[in-house]
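If you number the sequence shown the way this note's numbering does, the last residue is 139 and the count never jumps.
FYI, nobody ran anything at the bench for these hints, they're computed from the structure. There may be inaccurate statements among the hints.
Calculated pairs, DSSO-like style, for lysine-lysine (alpha carbon to alpha carbon, straight line, at most 27 Å) [to be verified]:
{"id": "1", "residue 1": "K82", "residue 2": "K108"}
{"id": "2", "residue 1": "K83", "residue 2": "K108"}
{"id": "3", "residue 1": "K76", "residue 2": "K133"}
{"id": "4", "residue 1": "K125", "residue 2": "K1"}
{"id": "5", "residue 1": "K126", "residue 2": "K1"}
{"id": "6", "residue 1": "K106", "residue 2": "K1"}
{"id": "7", "residue 1": "K118", "residue 2": "K108"}
{"id": "8", "residue 1": "K126", "residue 2": "K83"}
{"id": "9", "residue 1": "K76", "residue 2": "K106"}
{"id": "10", "residue 1": "K1", "residue 2": "K108"}
{"id": "11", "residue 1": "K126", "residue 2": "K106"}
{"id": "12", "residue 1": "K83", "residue 2": "K1"}
{"id": "13", "residue 1": "K83", "residue 2": "K118"}
{"id": "14", "residue 1": "K125", "residue 2": "K108"}
{"id": "15", "residue 1": "K126", "residue 2": "K108"}
{"id": "16", "residue 1": "K1", "residue 2": "K133"}
{"id": "17", "residue 1": "K126", "residue 2": "K76"}
{"id": "18", "residue 1": "K76", "residue 2": "K108"}
{"id": "19", "residue 1": "K125", "residue 2": "K106"}
{"id": "20", "residue 1": "K118", "residue 2": "K82"}
{"id": "21", "residue 1": "K83", "residue 2": "K106"}
Here are the computed distance ranges between Cβ atoms for each label pair [to be verified]:
{"id": "22", "residue 1": "R104", "residue 2": "G(-11)", "range": "21 to 31 Å"}
{"id": "23", "residue 1": "K118", "residue 2": "D98", "range": "19 to 29 Å"}
{"id": "24", "residue 1": "D27", "residue 2": "K82", "range": "28 to 38 Å"}
{"id": "25", "residue 1": "S61", "residue 2": "D27", "range": "16 to 26 Å"}
{"id": "26", "residue 1": "P3", "residue 2": "I95", "range": "13 to 23 Å"}
Using N, Cα and C, we set each Cβ at its ideal position, and we do this for glycine too.
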Amino acid sequence: MDLSGWPQLYHDILRVKNPEHHVGICSLWTERDVVQTLLRDVDYCVIGNLYSAQGINAMIRNVMTNPHIRTIVIWGSEMSLSGHSLLMLQNKGLDAEKKIIGGRGEIEVEIPDDVILTFREKVKIVDMRGRNAKEFVEEVKKQSAVAQKPFAKQA
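Please model the entire structure based on the sequences and the hints provided.
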């Protein structure tokens, strides 16, 4: 699977360590470099911020172009309920207008319903908001130790 052009969106600001790893990190408003330092001895795929619920659209697009990502760990400063909205998408889904039920934001109409369903079914979200750095690092280690196969073969 060729991931040389991945990530498709925000490749200049995301911190990619191992694109074939199954754990992604959503650092909310916490600086990516801070999280990268905390995880220097841990394997992961990518670290990215999620400043608003609208960023979930880019997250879905990047994850769907890299089916190795099976787990996203949320950790960091929650300043806009973006992490909450990601969890609500995962747990409650969308209404008929593609608004996140129980959260903020909406999913772009260009992202097909079957893609959203695949994201919700195949990617586990681990909520570490409000936990200290040590607990976060231990959880990422724990998630990294559980081997995961890609959810699909990349086209």
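Which earlier hints turn out false for this structure, listed by number in ascending order?
8, 12, 13, 20, 23
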